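Asker: Please take these sequences and the hints and turn them into a complete structure.
2 protein chains.
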Amino acid sequence: MEYQLSFSVNKKIYLRDPEGTELGKEIVKHSIELIYKLGFEQFTFKKLALEIGSTEATIYRYFENKHRLLLYILNWYWCYMEYLLMYRLQNISDIKARLEIVLDLLTSELPEGSGHLDFNLQLLNHIVIAESSKVYLIKEVSEINKNEVFKAYKDLCAKIAEIIHEFNPSYQYPHSLSTTLIECIHQQQFFCINLPRLTDNLHQRISASKFTSAFARDLLFKVLQNP
Amino acid sequence: MEYQLSFSVNKKIYLRDPEGTELGKEIVKHSIELIYKLGFEQFTFKKLALEIGSTEATIYRYFENKHRLLLYILNWYWCYMEYLLMYRLQNISDIKARLEIVLDLLTSELPEGSGHLDFNLQLLNHIVIAESSKVYLIKEVSEINKNEVFKAYKDLCAKIAEIIHEFNPSYQYPHSLSTTLIECIHQQQFFCINLPRLTDNLHQRISASKFTSAFARDLLFKVLQNP
DNA sequence: AATAAATGATAGTATTCCTATCTTTGTTGA
DNA sequence: TCAACAAAGATAGGAATACTATCATTTATT
Numbered sequence: 001m002e003y004q005l006s007f008s009v010n011k012k013i014y015l016r017d018p019e020g021t022e023l024g025k026e027i028v029k030h031s032i033e034l035i036y037k038l039g040f041e042q043f044t045f046k047k048l049a050l051e052i053g054s055t056e057a058t059i060y061r062y063f064e065n066k067h068r069l070l071l072y073i074l075n076w077y078w079c080y081m082e083y084l085l086m087y088r089l090q091n092i093s094d095i096k097a098r099l100e101i102v103l104d105l106l107t108s109e110l111p112e113g114s115g116h117l118d119f120n121l122q123l124l125n126h127i128v129i130a131e132s133s134k135v136y137l138i139k140e141v142s143e144i145n146k147n148e149v150f151k152a153y154k155d156l157c158a159k160i161a162e163i164i165h166e167f168n169p170s171y172q173y174p175h176s177l178s179t180t181l182i183e184c185i186h187q188q189q190f191f192c193i194n195l196p197r198l199t200d201n202l203h204q205r206i207s208a209s210k211f212t213s214a215f216a217r218d219l220l221f222k223v224l225q226n227p
Numbered sequence: 001m002e003y004q005l006s007f008s009v010n011k012k013i014y015l016r017d018p019e020g021t022e023l024g025k026e027i028v029k030h031s032i033e034l035i036y037k038l039g040f041e042q043f044t045f046k047k048l049a050l051e052i053g054s055t056e057a058t059i060y061r062y063f064e065n066k067h068r069l070l071l072y073i074l075n076w077y078w079c080y081m082e083y084l085l086m087y088r089l090q091n092i093s094d095i096k097a098r099l100e101i102v103l104d105l106l107t108s109e110l111p112e113g114s115g116h117l118d119f120n121l122q123l124l125n126h127i128v129i130a131e132s133s134k135v136y137l138i139k140e141v142s143e144i145n146k147n148e149v150f151k152a153y154k155d156l157c158a159k160i161a162e163i164i165h166e167f168n169p170s171y172q173y174p175h176s177l178s179t180t181l182i183e184c185i186h187q188q189q190f191f192c193i194n195l196p197r198l199t200d201n202l203h204q205r206i207s208a209s210k211f212t213s214a215f216a217r218d219l220l221f222k223v224l225q226n227p
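Here the protein sequences come in this chain order: A and B.
When we follow my numbering, the leftmost residue of the first sequence carries the number 1, and every step to the right adds one.
When we follow my numbering, the leftmost residue of the second sequence carries the number 1, and every step to the right adds one.
No wet-lab data here; the hints were simulated from the structure.
Predicted model only: the values in this text are computed from it and were never measured.
It cannot be assumed that every hint is accurate.
It does not matter which identical chain is used: a pair holds within one copy or between any two.
[Said to hold, decoys possible] As a list, the in silico EDC-like pairs of lysine to aspartate or glutamate whose alpha-carbon atoms are at most 16 angstroms apart: (1) K11 to D218; (2) K37 to E140; (3) K66 to E41; (4) K139 to E33.
Answerer: Pasting the structure below:
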């Protein structure tokens, strides 16, 4: 497996392609570390510039603002998820097994293959859990959605919806179940760690991802196996 | 029904009780309008002060920062929700009907009783949908959680979990299902309006709340009626 | 070797997010 | 009724954020 994954990260997300230069890659790599460390609110281009020994102005040449940078990171994540999903589904024809692969993909601690990438997928996972909804929960969402910047997320959602549909063609809400599954898995992991009373893993008997996995599996199959 | 609802809005959320003064009520009332209008990111105390003909410094005497103000608003909402829930559950003993009341409460466009309150519940509803998760998706969540500032949300969640448990005592995840239900209902409404491809209400054939209600009901009963 | 592109260095502006201080107004209760 | 106290207004200001602009320098391209 090569590093070369041809992701269609929408060009409207960035000003200058960060994949095209060393500095660009540094920006993305260190932004993941810094957003993880500080949280998105406290993260600034100035701090990032300091971290990589560059300047604020230079980072602004790559991304309009920090929101776009987050969007870029998440786009990358969504594309990678879809890629991994397709890769793992190869040769799996059993429809229940296909659904299990979806569940495993969404709940596993880190989505494998971390060796050959130049940034930390575990940190990325944490960012997805804690920050991803901030990318669409904004006033300008409809405006920026016109530029197709959420296409990668929609594609992933559509792919999962397809597998749901294969499993139970009479189920009416494959897309909504797909997004609910994705988002609820993030939430439950977050709650397990930070607000455990909102879950049934109160005293953290098992790990956040184990608990979430069990809950999500139970929910998914009950919804889909019900007549 | 009187205005007097004795809510236990945690004192650690505010510096000076906004319920105690006219100005305090103005702050809360207009902050709801302004957060709705601008979105939480663009909302500032300066703009709010201008709106109510007061000053920034004065608002800081009530709330430490805008995050606390949002927390206060949501606390009020969660308390109100729990109050409404208990009120509606009176005299309802049929366990399926009790669950229907939960669903209706969470998905109805505005939670009734808007006349006697001095702020707009419809706007509040929009804020809950678009901004509520920002209140906990922060780096300091564990820190501020120690002050019990999320108690109202946990109580609401626990109450719904109780009803879920009554309906199906063998179901293992009443709390997680409760939060998933609440959060997923917000999400689906948001997606219906802003990113409809993430739902199965693509061309908005029915209203966001009608669609969400149908989806949530289907999900809830399938999860709980499954053997 | 000439030229263009990318980056660095620096500066500056408007706004945000506060904190401090001083004055005025309104309330209470001795 | 007057003292004193709390709330609010007015104003100032500082550190940080979120940019934009300009010009010099380095690096790659042809």
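Asker: Does each hint fit the structure? Answer for all of them.
Answerer: Status of the hints after comparison with the structure:
no., hint, in the structure
1, K11 to D218, "neither (39 angstroms within a copy, 39 angstroms between copies)"
2, K37 to E140, "between (27 angstroms within a copy, 12 angstroms between copies)"
3, K66 to E41, "both (10 angstroms within a copy, 13 angstroms between copies)"
4, K139 to E33, "between (27 angstroms within a copy, 14 angstroms between copies)"
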